[in-house]
Amino acid sequence: MMMALLACSIGFHALAQTDIDAIMMEKNAFCVGPMYTHSSWKDYWEGTLKRENLNLGRVTTEMYGIMGNYGVTRKLNALFSVPYVRTKSSAGTLHGMDGIQDLSLFLKYRALQHKMGDGKLSVFAIGGLSVPLTDYPADYLPLSIGMRSKTASARVMVDYQQGNLFATASGTYTFRDDIEIDRTSYYTTEMHYTNRVKMYDMTNINVRAGFRNHRLIAEAIFNQSNSLGGFDITRNNMPFPSNEMNATSVGVNIKYVIPALPQLSVVVGGMQVVQGRNVGMATSVYGSFFYVLDFSRKTKSVEPSNNSN
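Just so it is clear: in the sequence shown, position 165 is 165 by my numbering, and no numbers are missing.
Take the hints with a grain of salt, since some may be wrong.
Claimed, not checked - DSSO-like cross-link-like pairs, simulated, lysine-lysine; straight-line CA separation at most 27 Å: (1) LYS115 - LYS27; (2) LYS115 - LYS75; (3) LYS198 - LYS50; (4) LYS150 - LYS198; (5) LYS27 - LYS88; (6) LYS42 - LYS115; (7) LYS150 - LYS88; (8) LYS50 - LYS88; (9) LYS120 - LYS27; (10) LYS75 - LYS120.
As the list claims (entries may be wrong) - Pairwise CB distance ranges, derived in the manner of DEER restraints: (11) HIS95 - LEU129: 22 to 32 Å; (12) THR194 - VAL250: 14 to 24 Å; (13) THR93 - VAL252: 15 to 25 Å.
Please keep in mind that the hints were generated in silico from the structure rather than gathered at the bench.
All values derive from a computational prediction rather than experimental measurement.
Note that CB positions come from ideal geometry on N, CA and C, so glycine has one too.
I would like the entire structure built from these sequences, with the hints used as guidance.
This is how it looks when you write it as structure tokens:
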């Protein structure tokens with residue numbers, strides 16, 4: 001399970017930059033910073049049936065992470081993130097877990113930038129990989145810290161900005177490798193006499209729109225994730241890694257560049273799962289700050305510009 005990369009700044013233009021937005025880091029600029037996410041839920045969907053989680057109470061997940069982004073060129077960025085995840089429940093006898101989760105790596109390429117009307121159209125291609133960094137158990141949902149599946153993803157993203165207003169849409173396909181669990185048999189819709197679990201691929205659609213300039217980004221977000229197979233949680237049973245997991249989420253993201261120190265930016269935001277299948281109705285909030293280091297040989301001004309792409 002890959003944690004979402006939250007934000008990063010572009011060189012001394014100081015704009016938010018992740019694998020899922022339309023902002024590019026300047027060449028030879030490196031952005032790095034810590035991230036924190038708090039997510040919790042007490043209601044969940046057992047298949048399509050929404051119900052309260054009486055056995056575990058409120059399930060809470062905290063993520064402490066570090067993210068970095070390097071501008072290889074003005075058109076190509078390389079990103080990474082490493083999260084430490086901690087889970088707990090407010091009721092029941094199951095103990096929470098904690099540990100380092102997965103290393104995520106992305107390459108982000110701006111394939112096209114074209115003036116269209118009074119605005120600018122940009123098209124991006126993004127590829128990503130994730131690998132587990134520790135041997136954490138995946139068959140302990142919903143308190144596992146991840147799925148422990150190696151993944152590869154491909155994303156196409158289109159962005160249009162006119163003045164300070166913008167809209168960005170992207171579609172992602174994620175390939176997921178099968179996993180092994182700590183038991184020699186398990187039941188889905190039939191009996192499996194093996195410790196190997198088939199993990200179904202996933203798709204994601206992300207749409208964001210709002211205000212974006214050299215100092216401030218304020219955006220509304222819609223996100224839809226779907227697994228391409230799996231089965232529903234059976235009545236009063238625990239989740240399983242190969243359950244069909246779908247989630248519709250909405251949220252906001254705000255990023256502000258500190259005027260007195262434009263290399264430094266602060267990001268806050270939140271997401272709410274509003275509809276799902278075999279997932280918790282999670283409310284998530286996050287915060288982070290990022291600092292930009294300039295490794296180019298020539299001296300650059302630290303004053304932000306209006307060049308957002």
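These are the hints, each one checked on the structure:
Taking the CA atoms of LYS115 and LYS27, the gap is about 22 Å. The hint holds against a cut of 27 Å. Note on LYS115 and LYS75: the hinted pairing holds, with a Cα-Cα distance of about 16 Å set against a maximum of 27 Å. Taking the CA atoms of LYS198 and LYS50, the gap is about 26 Å. The hint holds against a cut of 27 Å. Proposed proximity of LYS150 and LYS198 is supported: the alpha carbons are some 12 Å apart, at most 27 Å.
Taking the CA atoms of LYS27 and LYS88, the gap is about 42 Å. The hint is violated against a cut of 27 Å. At roughly 47 Å between alpha-carbon atoms, LYS42 and LYS115 are farther apart than 27 Å, so this suggested pair is violated. Annotation: proposed proximity of LYS150 to LYS88 holds, straight-line Cα distance about 24 Å (limit 27 Å). Distance hint between LYS50 and LYS88 is fulfilled; the C-alpha atoms sit about 21 Å from each other, no more than 27 Å.
Taking the CA atoms of LYS120 and LYS27, the gap is near 21 Å; set against the 27 Å cutoff, the hint holds. Between the alpha carbons of LYS75 and LYS120 the distance comes to roughly 15 Å, so the proposed pair stays at or under 27 Å and holds. Evaluation of the 22 to 32 Å hint for HIS95 and LEU129 yields a pass: the beta carbon distance comes to about 31 Å. The hinted window of 14 to 24 Å between THR194 and VAL250 is violated, with their beta carbons roughly 39 Å apart.
Checked against the hint of 15 to 25 Å, the pair THR93 and VAL252 fails, with Cβ atoms roughly 37 Å apart.
The earlier numbered hints that this structure contradicts are 5, 6, 12 and 13.
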